[in-house]
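Undergrad: Protein chains in written order, with this note's numbering: chain P, 1 to 158; chain F, 1 to 93.
For the record, the hints were derived by calculation from the structure and aren't laboratory data. Since we're looking at a predicted model, the values are computed, not measured. The beta-carbon is built from N, C-alpha and C at its ideal position, and this holds for glycine as well. Mixed in with the good hints there might be a few duds.
Output of the computed footprint for chain F on chain P, the stretches with three or more beta carbons under 8 Å from beta carbons of chain F [claimed, not checked]:
(1) 50-62
(2) 106-115
(3) 124-138
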Amino acid sequence: MKLTDIVVHKAISPSLDVTTRDETIAALIDLLVEAGEVSADDRAPFIKAVIKRENRGSTGFGNGVAVPHLKQASVTKVIAAIANVTEGVDFNALDGNPVYSIFLLISPEDQPELHLEAMEAVFGSLSQDTFRRFLRQASTVKEVVTLLKDADSQQLSA
Amino acid sequence: MTPSATQKVKVTNRLGLHARPAMLLAETAQQFGSDVTVQRTDQDAGVDAKSIMQIMMLAATAGTELIIAASGDDADAAVQELAALVKAGFDEV
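Produce the complete structure using the sequences and hints provided.
TA: Have a look at this one:
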């Protein structure tokens, strides 16, 4: 699965102005609503579900990144939104450090293999120092999209 | 010689190695001093069992066969405990 296939280009925000985890999650869902990928009716329940999932165990896996996610019956394919928070935001991350780049993922509920494939694609990139650094430094949507394309074609070098 | 141990296990929980099981696996592996790896039987190299990110990259679905391997003084215990977690379906079957 390719990052460029799952990340909704209209749902990329290189500098999100938020100060808390819950605000970040709401803003990411809003991006997907504005992009037409999530219906306005789903907005509130989706935000609530992602926060509930996050409270059960942080998806701030360390190194300044978090991957909050949700499985939902009402979506038919994996969709993702990306945001950078320049000042960093507390995600109760495993390493205790603030989070600067966030991937929010929504997968179809009844297809766990699709969810795992998407996670593989996301973590394949996020586990690379170069990818994390470039993502955090990206200041325009175009820069993020270019980075995703490079990651998909494995063109990132150390 | 450094003690080592390996065991083959099958992912049994329906949702596979998603975030919560991956975290559980990594946290458990971190309790041991041994180097521990997890490898899909259909891949050539294993990943660090102490890294959640690397475990997530396995994209191990229900039914995927894994080889858990450890090298170090507590290798046996590490492999046994991790294999038990996978076999128990991370208590979410």
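Undergrad: Compare the structure with each hint and give your call.
TA: Structure-based check of all given hints:
1. 50-62: holds (count 5)
2. 106-115: holds (count 3)
3. 124-138: holds (count 3)
Of the numbered hints given earlier, the model fails none.
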